[in-house]
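Trainee: Listed here are the chains, written in short residue letters.
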Amino acid sequence: MKSRNNEQQMSFRTRAANFFTAVNKKYFIIYAVITLTVVLSFLSDSFLSVHNIINILRQSSMIAIIAVGVFFTIVSAGIDISVGSTVALAGIIMAKVLVDYSAPVFVGVLAGLAVGVAIGFINGYLVTKRRIPAFVATLGMMGAVRGLTYVITNAYPVSGLPKGIYFIGRGYVGPIPVPVIIMVVVYAGAYVIAEHTRIGRFIFAIGGNEEASHLSGIKVDRYKLFAYMTSGGLAALSGIILVSRLASGQPNAGIGYEFEAITAAVVGGTSLYGGKGTIPGVFLGAIFIAILLNGMVLLNISSYYQQMLKGIVLILAVMIDVARNADH
Amino acid sequence: MDMSMSMSMSREAILQVKGMRKEFPGVLALENVDFSVQQGEVRALVGENGAGKSTLIKILTGVYQPDGGELLFKGRKTTIAGPLAGQQMGISVVHQELNLIEDLSICENIFLGRPLLKKAFPHLIDWQLMNRESSALLERLKVALDVGEKVKNLSVAQKQIVEIAKALSYNCEIMIMDEPSATLTENELQVLFDVIFELKRQGVTIVYISHRLEEIFKIADTVTVLRDGRHIVTGKVADTDRSELIRSMVGRSMDNEYPKRSGVIGDTLLEVSHFTSSRLKDVSLQLKSGEILGVAGLVGAGRTELARAIFGADRKDGGTLLLRGKEEKIHAVSDAVRKGLGLVPEERKNDGLVLGMTLRENISLTKIEKVENSVLLSPAKELKLSNEYIQKLRIITPGPEQLVKNLSGGNQQKVVLAKWLVADSDILIFDEPTRGIDVGAKYEIYLLLNELVQAGKSIIMISSELPELLGMSDRIIVMHEGKITGELSREEADQEKIMNLAAG
Ligand SMILES: Nc1ncnc2c1ncn2[C@@H]1O[C@H](COP(=O)(O)OP(=O)(O)OP(=O)(O)O)[C@@H](O)[C@H]1O
Ligand SMILES: [Mg+2]
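Same order as they appear, the protein sequences are chains A and B.
Under the working numbering, residues 1 to 328 are what the first sequence spells out, in order.
Under the working numbering, residues 1 to 504 are what the second sequence spells out, in order.
Next comes chain A alone, as it looks inside the complex (with noise of 0.2 Å):
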């Protein structure tokens, strides 16, 4: 009974086929990302400009940071579409505590971090305790996470916020914008946690196979709701960002978020069958994302066009998530 180790018997044949699949499957967003680069800086001669990245790395951190919280529901075979919701009530009720309460801004941020956490273990409770579909669940909370806003608010802005709040959305460190920053911290949280904790392994196995993993001996319950927790937290922090960029509390803003930011996760790879994905990969999505629409704009397409673009991109993506699928 001796395992055959053959490398060497394998013929090209195999291992080209074998290279090919593990690049098509590991790494297709790192050639997509720079495809794409190449054409635009063809097309466009700001594109490859330092500028221009900066620009690019700083408007893609709120929906890259939100990305990272839904890569983790994904993964767990879920979702979190109440993301969007999220980021305008988290930015609203920061607003005002600092604008009604003249809160210090560290509590002002506290605040509407609470409010992501708590908006996440409401959904991992309907998720969990509850059994209720992830997409129901989180669906159901985006409309009323919406609604709450607008009733807190009337329908308008909260404005008037103290200057200390600017610099988490406008500031710089060198040349480096704050969110930037921000975003490169998540990011390596994130892939420490999912590649080197338990609670990422657990679930990683979890969106992988929910019974043989509590079957295992995994309190699956405990971990699904560290995902969306997550997923509301992360939500949350893009919220502040943006209420500091605008300088307000928009009770619209978020709108379509947690369609970018499933978008950035799928598109970098990660299946929405649940259990597969890599934070990297993410992290590219995002940047992919965030090209496309620079691209569009240097080029003079039209926001329609961009809304119709992102929308394909998504299919595509999935489409290749269901065929690497099937071929199981």
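If you are wondering where the hints come from, they were derived from the structure by calculation, not from laboratory data.
In this text, all values refer to a predicted model and were calculated from it rather than measured experimentally.
Please note: incorrect hints may appear among the correct ones.
Said to hold, decoys possible - To give an idea of the interface, some chain B residues facing chain A are shown, with a C-beta separation under 8 Å as derived from the structure: (1) Ser334; (2) Val337; (3) Asn350; (4) Val354; (5) Leu355; (6) Gly356; (7) Thr366; (8) Ile368; (9) Glu372; (10) Leu376; (11) Leu377.
Stated by the list, open to error - Pairwise CB distance ranges, derived in the manner of DEER restraints: (12) B:Lys152 - A:Arg222: 26 to 34 Å; (13) B:Gly456 - A:Val107: 51 to 59 Å; (14) A:Leu110 - B:Gly300: 55 to 63 Å; (15) A:Tyr273 - B:Leu383: 22 to 30 Å.
C-beta atoms are modelled at their ideal positions from N, C-alpha and C, and glycine is treated no differently.
Chain A is already provided as a structure; the job is to place chain B with the ligands on it using the hints.
Mentor: Below, chain B with the ligands alone, put in the same frame as chain A:
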């Protein structure tokens, strides 16, 4: 067994492969394999886990394309482009894992994806015709089942028959069965055998894979042995015997299939009293340290339910559990695991493994702290642990990074075992531990069970293979319809007594 290849050459083969070769990353699954079957014969295909049996039949049915060699169907060279092409040619397969949709009826499953349509209104499904056709198929197999019944309400054996009927519905001339008996108990086996004899009478050629060698002597005309991806021998079943077959499979002889153990049985470790649930009726049992308690019974007797109830996986309506004399409330699987219980589940694909993860990732799911340095996972510890168990259980894999879904069925089963050995539980419940495992590897597993109990751990072993229960248990309890109908000591137990108690 003499090299009687000549026998199978005398008439023209209906299906033949020559010089077949198939590679996977890091694995040469088939190397220069010749294989041919004649019309109407029942051919057994045997070999160790990972020998290449499933791979060979996947090539014969168009699931995989070979990397070399040729395939002849009725004497003509062909390629089989895909599973559908294979079925249309008349080659059907019942795979190692069942592929039925539980919520659909028998009839819907049989005609899944290709409904029969009304002649007059070709957009409408002709349910009457489909019902008639599927009833006719079941009749052909001489089994009485209502084709409108949902598949989830069927026993495993009945599901197996639906798979066979589905395969038959493609006018099949060759029926290939990959370990169809692995999930069946002795009684149900007879149903399957009757179906096979009936098919054979109708001239259908059958290729039958099994690790239960006694079956081969009951139903097969000829047998082919594969080892390490190579063809070892093909010959008449009548010309060989069990020990010769084992010798060609594992490359050495095995005189004793059940290793002896020398251990002392200690105090009572686990005491289950009056367990009651929808499937259990007042079940009580005791387990001592250093003991293997066998649990016998027919499928549906409540053995798996008992295991799951002890393990906290299912709700129970009443009953208490004592561990080392102290009452423990086990509400969830995680409680059970923390208190030193383990359950190796029956269904490895659904309950045992995360198929899309690597061997390395699966193996530590039960006790992740073993591979952690404070809060971070340690790649070095993970590697060490997986390599340790790959060696210990002789798992055939290119390495720890192999996705579990790419392992052969028996090697997947070994990963499930490894997972629970890693957990280091004091009480291990094994639900059909050797399902799909070859004779050689079974022996290794029995040695391992002995090692565990000799170290003072306790084992509850549920098995549908009576020889295994009789060979390994210190004590056997028998269940019937959710009740314990009897208990037999190692000395008094025999097949007949067990079967009587199992029948209620
Ligand atoms: N899709 C795959 N990718 C990679 N390796 C594979 C794949 N399928 C099979 N193998 C490998 O090929 C070898 C032969 O596997 P196969 O499934 O044919 O064994 P088997 O004889 O059916 O074993 P068992 O009795 O355990 O079912 C094994 O080493 C297995 O790990
Ligand atoms: Mg197999």
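Trainee: All hints, please: hold or fail.
Mentor: Going through the hints against the structure:
1. At a threshold of 8 Å, the smallest CB-CB gap from Ser334 (chain B) to chain A is about 5 Å, leaving the interface hint in force.
2. Annotation: Val337 (chain B) was flagged as interfacial toward chain A, and the flag holds, the nearest CB pair being 3 Å apart, inside 8 Å.
3. Hint status for Asn350 (chain B) relative to chain A: holds, with the closest Cβ pair at about 6 Å, below 8 Å.
4. Residue-level restraint check for Val354 (chain B) holds (minimum Cβ-Cβ distance to chain A is 4 Å; threshold 8 Å).
5. For Leu355 (chain B), the interface hint holds, since its Cβ comes within 8 Å of a Cβ in chain A; the closest pair sits about 7 Å apart.
6. Look at Gly356 (chain B): its Cβ gets to within about 5 Å of chain A, closer than 8 Å, so that hint holds up.
7. The criterion of a C-beta within 8 Å of any C-beta in chain A is met by Thr366 (chain B), whose closest approach is roughly 5 Å, and the hint holds.
8. The interface hint given for Ile368 (chain B) is met, as the beta carbon of that residue sits about 5 Å from the closest beta carbon of chain A, less than 8 Å.
9. Taking 8 Å as the C-beta contact cut-off toward chain A, the hint placing Glu372 (chain B) at the interface holds, the least distance being around 7 Å.
10. At a threshold of 8 Å, the smallest CB-CB gap from Leu376 (chain B) to chain A is about 5 Å, leaving the interface hint in force.
11. Of the supplied interface hints, the one on Leu377 (chain B) holds, with its beta-carbon coming within about 5 Å of a beta-carbon of chain A, less than 8 Å.
12. Remark: the range hint 26 to 34 Å for Lys152 (chain B) to Arg222 (chain A) is upheld by a beta-carbon distance near 30 Å.
13. Distance hint check for Gly456 (chain B) and Val107 (chain A): the Cβ-Cβ separation is about 58 Å, which falls inside the suggested range of 51 to 59 Å.
14. The supplied range of 55 to 63 Å is met by Leu110 (chain A) and Gly300 (chain B), whose beta-carbon atoms lie about 57 Å from each other.
15. As the Cβ distance of Tyr273 (chain A) to Leu383 (chain B) is approximately 28 Å, the hint placing it in 22 to 30 Å holds.
Consistency with the previously given hints is maintained throughout, with no hint failing.
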